[in-house]
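**Student:** Chain by chain, the residues:
Number of protein chains: 2
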Amino acid sequence: MAELKNDLILRALKGEQVERVPVWMMRQAGRYLPDYLKLKAKYDFFTRVETPELATAITLQPIDQVGVDAAIIFSDILVIPQAMGVQVLMEEGKGPSLPNVIKNQQDIDALITEGAEESLKYVCDALSLTKQELNGRVPLIGFAGAPWTILCYMVEGKGSKTWDKAKQFAYTQPQLAHQLLQKITDITIDYLKAQIRAGADLVQVFDSWAGSLSPSDFKTYAQPYLVQISDAVSPFAPVILFPKGTWYAIEDLSKTSASGIGIDWTITPQQARAFAGDRVTLQGNFDPSKLLAPIPEIKKAVKEMIDGFGTQRYIANLGHGIMPNVPVDHAKAFVEAVKEYRPH
Amino acid sequence: MAELKNDLILRALKGEQVERVPVWMMRQAGRYLPDYLKLKAKYDFFTRVETPELATAITLQPIDQVGVDAAIIFSDILVIPQAMGVQVLMEEGKGPSLPNVIKNQQDIDALITEGAEESLKYVCDALSLTKQELNGRVPLIGFAGAPWTILCYMVEGKGSKTWDKAKQFAYTQPQLAHQLLQKITDITIDYLKAQIRAGADLVQVFDSWAGSLSPSDFKTYAQPYLVQISDAVSPFAPVILFPKGTWYAIEDLSKTSASGIGIDWTITPQQARAFAGDRVTLQGNFDPSKLLAPIPEIKKAVKEMIDGFGTQRYIANLGHGIMPNVPVDHAKAFVEAVKEYRPH
Numbered sequence: 113m114a115e116l117k118n119d120l121i122l123r124a125l126k127g128e129q130v131e132r133v134p135v136w137m138m139r140q141a142g143r144y145l146p147d148y149l150k151l152k153a154k155y156d157f158f159t160r161v162e163t164p165e166l167a168t169a170i171t172l173q174p175i176d177q178v179g180v181d182a183a184i185i186f187s188d189i190l191v192i193p194q195a196m197g198v199q200v201l202m203e204e205g206k207g208p209s210l211p212n213v214i215k216n217q218q219d220i221d222a223l224i225t226e227g228a229e230e231s232l233k234y235v236c237d238a239l240s241l242t243k244q245e246l247n248g249r250v251p252l253i254g255f256a257g258a259p260w261t262i263l264c265y266m267v268e269g270k271g272s273k274t275w276d277k278a279k280q281f282a283y284t285q286p287q288l289a290h291q292l293l294q295k296i297t298d299i300t301i302d303y304l305k306a307q308i309r310a311g312a313d314l315v316q317v318f319d320s321w322a323g324s325l326s327p328s329d330f331k332t333y334a335q336p337y338l339v340q341i342s343d344a345v346s347p348f349a350p351v352i353l354f355p356k357g358t359w360y361a362i363e364d365l366s367k368t369s370a371s372g373i374g375i376d377w378t379i380t381p382q383q384a385r386a387f388a389g390d391r392v393t394l395q396g397n398f399d400p401s402k403l404l405a406p407i408p409e410i411k412k413a414v415k416e417m418i419d420g421f422g423t424q425r426y427i428a429n430l431g432h433g434i435m436p437n438v439p440v441d442h443a444k445a446f447v448e449a450v451k452e453y454r455p456h
Numbered sequence: 113m114a115e116l117k118n119d120l121i122l123r124a125l126k127g128e129q130v131e132r133v134p135v136w137m138m139r140q141a142g143r144y145l146p147d148y149l150k151l152k153a154k155y156d157f158f159t160r161v162e163t164p165e166l167a168t169a170i171t172l173q174p175i176d177q178v179g180v181d182a183a184i185i186f187s188d189i190l191v192i193p194q195a196m197g198v199q200v201l202m203e204e205g206k207g208p209s210l211p212n213v214i215k216n217q218q219d220i221d222a223l224i225t226e227g228a229e230e231s232l233k234y235v236c237d238a239l240s241l242t243k244q245e246l247n248g249r250v251p252l253i254g255f256a257g258a259p260w261t262i263l264c265y266m267v268e269g270k271g272s273k274t275w276d277k278a279k280q281f282a283y284t285q286p287q288l289a290h291q292l293l294q295k296i297t298d299i300t301i302d303y304l305k306a307q308i309r310a311g312a313d314l315v316q317v318f319d320s321w322a323g324s325l326s327p328s329d330f331k332t333y334a335q336p337y338l339v340q341i342s343d344a345v346s347p348f349a350p351v352i353l354f355p356k357g358t359w360y361a362i363e364d365l366s367k368t369s370a371s372g373i374g375i376d377w378t379i380t381p382q383q384a385r386a387f388a389g390d391r392v393t394l395q396g397n398f399d400p401s402k403l404l405a406p407i408p409e410i411k412k413a414v415k416e417m418i419d420g421f422g423t424q425r426y427i428a429n430l431g432h433g434i435m436p437n438v439p440v441d442h443a444k445a446f447v448e449a450v451k452e453y454r455p456h
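Just so you know, the sequences run in chain order A and B. The first sequence lines up with residues 113 to 456 when you count with the working numbering. The second sequence lines up with residues 113 to 456 when you count with the working numbering.
No lab work stands behind these hints, which were simulated from the structure alone. All values derive from a computational prediction rather than experimental measurement. Possibly wrong hints are sitting among the right ones.
Any copy will do: because identical chains look the same in the list, a pair fits if it lies in one copy or spans two.
What the hints assert, rightly or not - Lysine-lysine pairs mimicking DSBU-like chemistry, simulated, CA-CA at most 30 Å apart: (1) K215 <-> K117; (2) K273 <-> K215; (3) K331 <-> K154; (4) K412 <-> K273; (5) K206 <-> K273; (6) K273 <-> K331; (7) K411 <-> K451; (8) K206 <-> K270.
Produce the entire structure from the sequences given, and follow the hints as far as they go.
**Tutor:** Below, the structure is given as structure tokens:
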């Protein structure tokens, strides 16, 4: 394996001194990039995800085109339900749907929890190929969905504003919910370890719908499984936990085995740092919609963001995935603004 | 006017001692109530809103049927765009749509900002009739949408997960955004004052999409207009501000002219109280999805919630509107649990 020429993100995650703030963008591969849209027009979603050459090509696009400090493998969090034997459909522009939702003990008993490395071999192949193509330019990020977020989709069957069916399942059948969360946790740990063996330098766990829960329910249904994953995986590579919308958990999570915590834009950088101290690396938290602002406004807001977080123990990123309607120049301006940052 | 037999909410808002915690539920009139569904089957949305006898009947249903400590007038926040001359369509099950969105100076110049009392006379008539029918049983709540939330609909034209068009409008044309926010503020102040003259004992301002903004943008585009409204209206009746998703603003807002702050369920009661102190009455913050839990779980969670907030300077409520799929018995159990509450 080629030695890493740019290991800023890895050093930031270890709490080592960095000469400048590293930067990448969630969903940086895909959505808004013209070269991605060309591939999207030719191949359907799962073909893009399951064909290592395509996934690799998509993963690499933003490295040269936008100049980010890490690659994140092009894939989807719903490959885990698939690996567990649950059908996932993806209709362009409509979001995912899972026709056979989890309702009872029998449904949970039928789930597959082993063999992630084989069933998701195409992800590992894409990681190996990407790692090779990167040739040490930047680190490679693997990822998975968090158990609560995956449960949301497996119970609800599609996206939701409130996730009330998923929550009703947890509130009325808590034992089944915990069984399901544990099964997702187990296979996710295997999957993330396999990603690291295949070439991922670090991994991120996306708990996109954690913010639907109250702090008490987050502590019951989300946090323990995030911590289990972090504890099991962090001996092999740094782990970033991103439970979106859970500002109240930053302090607790800063005391776990996770090296990084992703945060969204509904908290000031100063407040997030006050919760986390220097115990953990913070990642975020630029409002993705703000990439639609004029470029000078983007640059000003990036500067204020880094002023707030500080340049150490920090990875600049968005507070959620980049949106399809962002002009590429604006994404570049965000990355450039981070690279140009000089403290007062 | 009949004297109020139950003024718990008004006393809680003034910071006076109450013998038990008052309770009501956002969206308590409508949605989940069988008697409402019968009227819904017969009359379309705006007929229900614009016919004082129907609005009154719907407003009164939960008072006897669920036992809440206040009535909130059945209406909609989008009557303000209508009064400003903007067309609003409501398709059952699909949410609102505004075919002619605000794009430029000309669109803003064309907006009507005067005469709310005349153009929204049907709301005032419904308030007067409801006040009469209530005959002093419980206080009557008037309401309006907050300027940021109304701007969201007027610019976006329909509901959105991210409100990125509304935010893009604000980020790229801030002067126009502030003009529009000011116009909405002006007519909303007149409208709320008219509601109070017509019989509302207190008013609530719903900033349902405030949580889409960063703390810095909330301070720019939402908070100043909320405070303007509160300052102008609070000499006439207590004002509750409910900027959903803005836990970080609780402390600032507790120092304004508002008597109450509504909060959602993504903060612990203890933390909310720590931010607010006893300067203001807190209202909330039961997760609406938790009304789908078994009744004993609802009662346990209500007890924990009140333990956290304390019994004074507090109004029990949900953290957002009640959902259509909540069984009436569960809504009643929530209200009963508040009424049965005894401190440790």
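**Student:** Does each hint hold? Answer for all of them.
**Tutor:** Status of each hint after checking the structure:
1. K215 <-> K117: Neither: 49 Å inside a copy, 47 Å across copies.
2. K273 <-> K215: both (20 Å within a copy, 27 Å between copies)
3. K331 <-> K154: Neither way: K331 and K154 sit 43 Å apart in one copy and 45 Å across, limit 30 Å.
4. K412 <-> K273: So K412 and K273 pass the 30 Å test across copies only (26 Å; inside, 32 Å).
5. K206 <-> K273: both (14 Å within a copy, 13 Å between copies)
6. K273 <-> K331: both (21 Å within a copy, 25 Å between copies)
7. K411 <-> K451: within (11 Å within a copy, 53 Å between copies)
8. K206 <-> K270: Classified as both: same-chain Cα gap 10 Å, cross-chain 17 Å, threshold 30 Å.
Checked against the numbered hints given earlier, the structure breaks hints 1, 3 and satisfies all the rest.
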